Amino acid sequence: MTLLDVAGLRTEFATPTRAVAAVDGLSFQLRPGEILGLVGESGSGKTVACRSLLRLLPSRRARIAAGTVMFENRDLMRLSEAEMRVVRGRDIAMIFQNPASHLDPVFTVGDLIAEPLIWHFGESRRAARKRAVELLRQVGIPDPAGQIERYPHQFSGGMKQRVMIAAALACEPKILLADEPTTALDVTVQAQILRLLLDLRDRTGLAIVLVTHDIGVVAETCDSVVVLYSGRVMECGGTQDVLTRPRHPYTRGLLDSLPTTAARGAELPSISGYPPPLDRLPQGCRFHPRCRFAIDRCRREPIELETVDDGHASACVRWREVMEVGP
Amino acid sequence: MHRFKFVLYRPIQLLPVLIGVSIVTFILVQLIPGDPARILLGAKATPEAIAEVREKFGLDQPLVLQYVHFMKNLLQGELGRSIIYRAPVLSVVEQRVAPTLFLLIYGVVLSVLLAVPLALAAAWRAGSSVDQAVRVFSTAGIGLPAFWLGIMLMLLFSIELRLFPVSGYGEGALSHLHHLFLPALTISIALAPVLVRNLRATLLAQLESDYVSAERAKGLPERAIYLGHVFRNSLIPTVNLLGVNVSWLIGGTVVIESVYSVPGLGQLMVSSIFGRDYLVVQAVTLMFAIGVILVNFFVDIVTVALDPRVEM
Amino acid sequence: MAVSELHTPRRLAKLHERLGEPPRLVYIGAAAVAFWFVVAVFAPFIAPYDPIAQDLRTTLSPPSWAHPLGTDNFGRDVLSRIIFGTRLDLEMGILGVLFPFLIGITLGAFAGYFGGIVDTLLMRLLDVTIAFPYFVLVIAIIAILGPGVSSFYISVALVGWVSYARLVRAEMLVLREQDYVMACRALGFGHLRTMLRHMLPNAIIPAVVFSMTDVVIVILLGSSLSYLGLGAQPPTPEWGVMVADGQNFITRAWWITFFPGVAIVLAALSFSLFADGLAEWLGVQE
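Protein chains in written order, with the working numbering: chain A, 1 to 327; chain B, 1 to 312; chain C, 1 to 286.
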């Protein structure tokens, strides 16, 4: 059973001269209880993709140009703004990278968590705040009853992220979009937050789209993964398949740059160069200027996703050779 | 409520400024050329009266001792006698406080009632025709001379339309509201553009904040986010701006009171200057300075109440 | 440190180079301001009548072809009086800003540069000055000096410097910590040279932007004081004086009061536009 079915999603930004696609042809399916990783470097379009799902684009210059996002037999991209609002926070919730700036500083955490309950379910403020205490306990905040009158700035970074998660979970959504939820946090706190997300999934069957640049995080938490580069899907499939048998040079590069026990002490190989700016995308495969496998065809035409195995696809013409050469 | 502890010790911190203010007001009168006793008593004073004043204010003593005399008298509410009203300065000034205070508060309330909806409408859709119109108002309004505006409003509403009295203060609160409507309106038209400009800019900046995205993701209606979150966050700098502007506001009332003959401190000050009633000028100046200090103190309290992050 | 890095990064002279094309608002504002200067300078050639000459045959006559903006109770041409009034009102606006500006930046620069006791004393003085409402302190000083335009200048200079001192001091405090300033000192440049040649041109920018806004404030202040009878004295053609003169005849001859006010609004607007454009161009937040 598919909970969320994204197909051909394309999000464009208007520049003075033309529109450039920050996300181009994103497709994936999400099942209940699944954790899907959207992974890529900064500028890969993963955050824009995540926000596009809820139609919360970061600027007025951005628009969703094509694609469908099917959720409960409805295409979210075709809903009216009012219908979409009912989906946000209630069916699909979202948490953000920097909890400190994403929590309104003049609201108590109790009110911030109670808010969606009041707006979506028409609960009284009192009932909603009672529920907020319960939610704070769920996300592992000690002494929850004593915390709801406090303000965001009185919490540590990790605790703020827990507050944001509590607010997101208030309406018991089916899907949680997590946009780099641990990037701004200390390593130990990162692990705690990830454990909390896993735990929530296990207890409630919540499906999670986890946006991250950290392939290590994907390895620890995700069931499936979509690798984005310059707005295009490079590779997707089950985490196990993709991370142990990458079928795209970009995925391979990301994996090679991970510090592993074996390579400790040695210099980490990383992908040379930088992702291209959106308004100067290369012809053909967008990764080819940085790719050591690139051949003429890669420079000429865009490479489409090709199924390489059951549920595993790669957008590389030489996917068979990717693992056959040393780093 | 430890964040409000500053209410207790702030008055002590303000002591140096208060002393400074008293020194300046003391020096003001010292600087008047001529025999101080004659200045204080007017041209027709008797020799006995002059001798008495010399004694009381220590006018024969060095400046520092005169200041000590001045402070001693000041703390006892003894500010000398008005030569025009032939009464203690304190009682003359006292009667004028209420109309000025009434006018100031009235003016601020009208300004806020005028500025907040305009700024909210303008920032709701930046660049829209509403926004453009509000911009024109706030740019043109900043250069409006209050005295001229007051006369024009008086001409239109009092003389032509006969809706409001031309001058005065009236008896009782309702009558005050009626009498002071045009003066307060004049003040608000002069003050509102500053508030609108600032509140609009703050609202637009706040709309770009991350928490707005987070609230949208919760599924709150845009209007609820705007009024409940963005506006509330924008209030903090706006209240501070009001505090900064109270000094200008008082300047405005001095002029407006003269235009509409409101029996307040400002009108008293101007008429006393022409009457060379220097002790009254001195007392009013002092009152206004204390007023500004009190307002800023009050603004600090409101800021702490509005913004949970602020520690004073 | 290389000598090339010692170039003061923000020089007024190189503004154009560094900031690029000024926004359109600067040109519009500059043109509007220039208009008033032209009117002031060429007043005798533009004005149809003598601004002070009384003509008791044509008192209180409404706007007409002969007198486009009407005449006042002495039969003086309102338009001519407004045109000549430009001279004094503009002068008040400019000098009423220039004196406080010069005093303020000097004190602010010294306090910000040297810090210590100089700075502490200045800040105390500043605190006390701003505790008084600007307008009230100005008229209190005028009360001592006696009404008149020169009292106005003295008074505004004594009160108005605080804004400039505060702006320049804040900038100096920031600049003092910057590498190129440290380098200037390390190279053995004197205090005065470091301060005047290398820091002040940068520290002064917010003060320059504010001074344009201040012109608007001071023009309004000057005309208000004249209206109250504390500034320019009749029969001088001055906009505030004209408004006050006309007020007695408001029910019969609105034009005497109305048009000088319009002149104030338009002059203030011109400087406001220029100030806004300048602030936008130089990237200074007010």
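None of these hints come from the bench; they were simulated from the model. Check before you lean on any hint, since a few could be wrong.
[Said to hold, decoys possible] Here are the in silico distance ranges between beta carbons for each label pair:
#: 1; chain 1: B; residue 1: Ala-133; chain 2: A; residue 2: Glu-149; range: 52 to 62 Å
#: 2; chain 1: C; residue 1: Phe-249; chain 2: B; residue 2: Tyr-9; range: 39 to 49 Å
#: 3; chain 1: C; residue 1: Thr-59; chain 2: B; residue 2: Pro-62; range: 41 to 51 Å
#: 4; chain 1: C; residue 1: Leu-173; chain 2: B; residue 2: Ile-12; range: 19 to 29 Å
#: 5; chain 1: C; residue 1: Gly-148; chain 2: B; residue 2: Pro-16; range: 55 to 65 Å
#: 6; chain 1: C; residue 1: Pro-201; chain 2: A; residue 2: Glu-149; range: 33 to 43 Å
#: 7; chain 1: C; residue 1: Met-182; chain 2: A; residue 2: Leu-79; range: 54 to 64 Å
#: 8; chain 1: C; residue 1: Met-182; chain 2: B; residue 2: Phe-4; range: 55 to 65 Å
#: 9; chain 1: C; residue 1: Met-182; chain 2: B; residue 2: Gly-34; range: 29 to 39 Å
#: 10; chain 1: A; residue 1: Ser-124; chain 2: B; residue 2: Lys-5; range: 41 to 51 Å
#: 11; chain 1: C; residue 1: Pro-68; chain 2: B; residue 2: Val-166; range: 49 to 59 Å
#: 12; chain 1: C; residue 1: Phe-249; chain 2: B; residue 2: Gly-275; range: 57 to 67 Å
[What the hints assert, rightly or not] Not close to chain B: a few residues of chain A, all C-beta gaps over 10 Å, as computed:
#: 13; residue: Met-94
#: 14; residue: Asp-104
#: 15; residue: Val-317
[To be verified] Sample of chain B residues facing chain C (criterion: CB under 8 Å; computed from the structure):
#: 16; residue: Ile-12
#: 17; residue: Leu-15
#: 18; residue: Val-17
#: 19; residue: Gly-20
#: 20; residue: Val-21
#: 21; residue: Gly-34
#: 22; residue: Leu-59
#: 23; residue: Leu-63
#: 24; residue: Leu-65
#: 25; residue: Gly-127
#: 26; residue: Val-130
#: 27; residue: Ala-133
#: 28; residue: Val-136
#: 29; residue: Pro-145
#: 30; residue: Leu-153
#: 31; residue: Val-254
Model, not experiment: these values are computed from the prediction. Ideal Cβ placement from N, Cα and C applies to all residues, glycine included.
Results of checking the hints against the structure:
1. Ala-133/B to Glu-149/A: 52 to 62 Å: Once the Cβ atoms are compared, 42 Å apart, the range 52 to 62 Å for Glu-149/A and Ala-133/B is violated.
2. Phe-249/C to Tyr-9/B: 39 to 49 Å: Taking Cβ atoms as reference, Phe-249/C and Tyr-9/B lie about 57 Å apart, which means the hint is violated.
3. Thr-59/C to Pro-62/B: 41 to 51 Å: violated (58 Å)
4. Leu-173/C to Ile-12/B: 19 to 29 Å: With a Cβ separation near 27 Å, Leu-173/C and Ile-12/B satisfy 19 to 29 Å, so the hint holds.
5. Gly-148/C to Pro-16/B: 55 to 65 Å: For Gly-148/C and Pro-16/B the Cβ distance comes to about 34 Å; the hint is violated.
6. Pro-201/C to Glu-149/A: 33 to 43 Å: For Pro-201/C and Glu-149/A the Cβ distance comes to about 52 Å; the hint is violated.
7. Met-182/C to Leu-79/A: 54 to 64 Å: Because 60 Å falls inside the window, the suggested range holds.
8. Met-182/C to Phe-4/B: 55 to 65 Å: With a Cβ separation near 43 Å, Met-182/C and Phe-4/B fall outside 55 to 65 Å, so the hint is violated.
9. Met-182/C to Gly-34/B: 29 to 39 Å: violated (54 Å)
10. Ser-124/A to Lys-5/B: 41 to 51 Å: At roughly 34 Å between Cβ atoms, Lys-5/B and Ser-124/A fall outside 41 to 51 Å, so the hint is violated.
11. Pro-68/C to Val-166/B: 49 to 59 Å: violated (29 Å)
12. Phe-249/C to Gly-275/B: 57 to 67 Å: Hint violated: Cβ distance 26 Å, outside 57 to 67 Å.
13. Met-94: violated (4 Å)
14. Asp-104: The assertion about Asp-104/A is violated, with a minimum of 4 Å to chain B.
15. Val-317: Holds: least Cβ distance 39 Å, greater than 10 Å.
16. Ile-12: violated (15 Å)
17. Leu-15: violated (12 Å)
18. Val-17: Hint holds; Val-17/B Cβ to chain C Cβ min 5 Å, cut 8 Å.
19. Gly-20: Because about 3 Å separates Gly-20/B from the closest Cβ in chain C, which is inside the 8 Å limit, the hint holds.
20. Val-21: holds (5 Å)
21. Gly-34: violated (11 Å)
22. Leu-59: Given a least distance of 17 Å, the restraint on Leu-59/B is violated.
23. Leu-63: violated (16 Å)
24. Leu-65: Leu-65/B check fails; min Cβ-Cβ to chain C is 22 Å, beyond 8 Å.
25. Gly-127: With a closest approach of 16 Å, the Gly-127/B hint is violated.
26. Val-130: violated (20 Å)
27. Ala-133: For Ala-133/B, the interface hint is violated, since the closest Cβ of chain C sits about 16 Å away, which is over 8 Å.
28. Val-136: Violated - the Cβ of Val-136/B stays beyond 8 Å from chain C, reaching only about 10 Å at its closest.
29. Pro-145: The hint holds - Pro-145/B has a Cβ within 8 Å of chain C, the shortest such distance being about 5 Å.
30. Leu-153: violated (12 Å)
31. Val-254: holds (6 Å)
Hint compliance for this structure: hints 1, 2, 3, 5, 6, 8, 9, 10, 11, 12, 13, 14, 16, 17, 21, 22, 23, 24, 25, 26, 27, 28 and 30 are not met, and every other hint is.
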